[in-house]
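Since the structure of chain U is provided, determine the placement of chain X on it from the hints.
Protein chains in written order, with numbering that gives the first Met the number 0: chain U, 0 to 95; chain X, 0 to 167.
Accuracy of the hints is not assured; some may be wrong.
Restraint-style ranges between C-beta atoms, simulated for each label pair [to be verified]:
hint, chain 1, residue 1, chain 2, residue 2, range
1, X, D18, U, M0, 32 to 40 angstroms
2, X, A151, U, G59, 51 to 59 angstroms
3, X, P14, U, G22, 22 to 30 angstroms
Covered stretches of chain X, as calculated for chain U (at least 3 residues, CB under 8 angstroms) [to be verified]:
hint, region
4, 40-49
5, 58-66
Straight-line Cα separation of at most 25 angstroms, DSS-like style, residue types lysine-lysine; simulated pairs [what the hints assert, rightly or not]:
hint, chain 1, residue 1, chain 2, residue 2
6, U, K60, U, K5
7, U, K57, U, K37
8, X, K2, U, K5
9, X, K32, U, K5
10, U, K37, U, K5
FYI, nobody ran anything at the bench for these hints, they're computed from the structure. As the structure is a computational prediction, the values presented were derived from the model and not from experiment. From the three backbone atoms N, C-alpha and C, an ideal C-beta is built for every residue, glycine too.
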Amino acid sequence: MSLVFKALSDPTRRHVLELLRSGPLSAGELADHFDVSKPTMSAHFAVLREAGLIASEKQGKSVVYELQLSVLEDALLSFAKAFGWKLQETKRTAFR
Amino acid sequence: MKKALIFFSALLAIPVAVDVARRLGWIDGFAEKRAIGLVIGAMAIVVGNYLPKMRVFQARNRVLGWILVIAGSAYVALFVIAPLALARQAAAMIGVAVIVITAIAWQPLRRGVNQTALAMALTFLYLLSTAVIVYLFGTPHWTEWFHAAFFAAYAVLYALGEKQCLRN
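Bound-form chain X, shown alone:
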């Protein structure tokens, strides 16, 4: 759990570092987009790998973990090998598939769920959803509504997790 959190926090810092590097002119926009795709892939691998161990949901943690690891590996391969435009299109499709599968396989939160694990899983889902929207539609004005809706859902799920945690 501690390891997962360290990896995840380090990965969260990379997009910020990449943005700073672009602003300073050390890297171009293409490299930045590739780096962000790679970070999302690496995050999927980290969260997916530890999901069965963190046991956020009552069941299907293992299946979801494998799905995330495979999707993350595909992201990494795409953003390393494929042309950027193709990588973004394919990443959008994989992202949509992961979000849909996660929604279908969603289970009630586990009794005594670890709050940090829950926060990590939700943060990853938020970043993945944002990336998918950007890959599919660019940066339209309605993304603000998406952010608001996601944070509302996040707050509700986190509160539910806290309730489950206290029950233990």
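Excised from the complex, chain U in its bound form:
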């Protein structure tokens, strides 16, 4: 369970999970949504995969990721989305 919390603690990883809610996406398609390097994105994918929150499948040359959340994990993600992101925004505004 600590792996799940670790995975959900990062906003980029939570955003990846949110994007995957609409359906499976390739690593490239996911990376396009973020302004980070490929190795960083790969590290995020690895953390999510290790926590069992996403499953990957190789299709030709690209790797396709799919959501693999239990109902409890799904609820945790929604909870983190509702409170975690708002908290982060509050922190950002406070530091400005």
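For chain X alone, coordinates are given in the frame of chain U:
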């Protein structure tokens, strides 16, 4: 998956333990009926929680998972709080609703479906259907036909699952 299987097996053992306890006179029939209702609710929560992860069907695993978790929670609440007669009536209605929704939302089995996950989901559906029949009609003689029909359907679905599993 392993966790789900452990929880599910432990829950399967509870009705047997409860039956033994009743026969030994440790608990009465009311407590036994409540315990069985609670076990079915807990099973719905376990199977529902892991269904999106086990990905038995090609789609709608998430929706079905949420439905089962909510229905299971309602079962648990009913068999803890409500009077037994009312709990059984409400549980029958919830059970019928879950079976109908599952039938409507049924999808072809996923390619490479895990056989244990499939067996767990089918076993739960069998137990839920049996409980609903008992809550609605008691124990009529035609339940034997129901059991036979369910096992035939179970065998067909399991064989289909095996075929899908081998395709992967």
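Structure-inconsistent hints, enumerated in ascending order: 2, 3, 6, 9
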